[in-house]
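> Sequence:
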Amino acid sequence: MLKIDIIGLGGGDLEQMTVGVYKVIQKAIDDKQIVYLRTKEHPVINTLEQQGLLYESFDDIYEHTDTFEETYEKIVMTLKQLTKENEHILYAVPGHPMVAEKVVQTLLQDKEIDVTILGGKSFIDDLLQAVQVDMIDGFQLVDALGFKVDDLVLTQSIMIMQVFNEYVASDVKLALMERYPDDYQVALVHGAGTSTEKVEWLPLYEIDRLKGVYNLTTLFVPALERDAATKSFQTLQAYMDDIAKHDIWLKEQTHETLLPYLQEEVNEVIMAVEQDDIDNLIEELGDVLWQVLFQTSVAEYDGFFNLEDVLDTLNRKIRRRHPHVFDGVKVESVEELDALWQKIKQKEKDEIK
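Start counting at 1 in the sequence shown, then tack on 145, and there's your number in the numbering used here.
No lab work stands behind these hints, which were simulated from the structure alone.
Even glycine gets a Cβ: it sits at the ideal position worked out from N, Cα and C.
Check each hint, because a few of them may be wrong.
[Claimed, not checked] Taking CB as the label site, the calculated pair distances span:
#, residue 1, residue 2, range
1, 482, 405, 35 to 43 Å
2, 463, 261, 41 to 49 Å
3, 486, 283, 35 to 43 Å
4, 386, 310, 40 to 48 Å
5, 250, 447, 42 to 50 Å
6, 256, 282, 36 to 44 Å
Start from the sequences and build out the full structure, keeping to the hints where you can.
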């Protein structure tokens, strides 16, 4: 079977490299074995090269591909071909092989290759030390190139890695400003754990204006206090949980007694639409959502269902009724789409029977 040993170079200088990884590299140097690097842009490479390291890097693939998906695919194909030619190769990545390494994950799923992982020190330890923040309440680690702002939990600290140039930093900034105040204090951490480590605290809106954003840069976003995370659905849920526990008025309500309030808010939404009053529409839609949460709170208090049951039903329905979006079903017109919907709805009714 083809074999690849994957080692992690750690997140910083040679002093940060584990003894086990260093021994593997020294053996490769002694045996004059070529080590294949995801990138040569790492603090230890110059030192190891002076010690006799022979290597080939995949930086040229990064430079000649349009997307990271294409880059990773080509690296995997190249590594597989190299194993066929050499039977056993050594592949080195920055940090730890099991942290944010798409190529490694793809290789691990390949049944034709025997993959051995020798972990290096992850940059996470050095980053925590650099920003001096206790993560006991949890944190999120995301990739600047693929994270979705809707997936972020704003009341937890967030580490956004691979902020390697001003263009990536700009995209990250615009995404985060949908949820965080423009002047929210964040930290750009350059070279965590290296002798050139630098931590820059600055307002969110300035993160793409700095020089020196490069391969070893991570953006640290501190957790928002709940009352400041006003653009988070989790905050809304937390408020409603507190209200359900402590609000005397809500505890006396039923689905029926709440109906007039729901009807009133729906009518106000209609009025805002008819008057083309956008600011009022925002507020009134929020009031309708509030009434939905009141209804689910009453149901949960009575032991019938909760908000998660409503979300489960709605998400399943949305997924089921949009095969033209999620499953590749072809529709050429609104009429065809309506016919598809009617077919799906009829199937739902038949299944209920």
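> Output the indices of the hints that this structure fails to meet, ascending.
none
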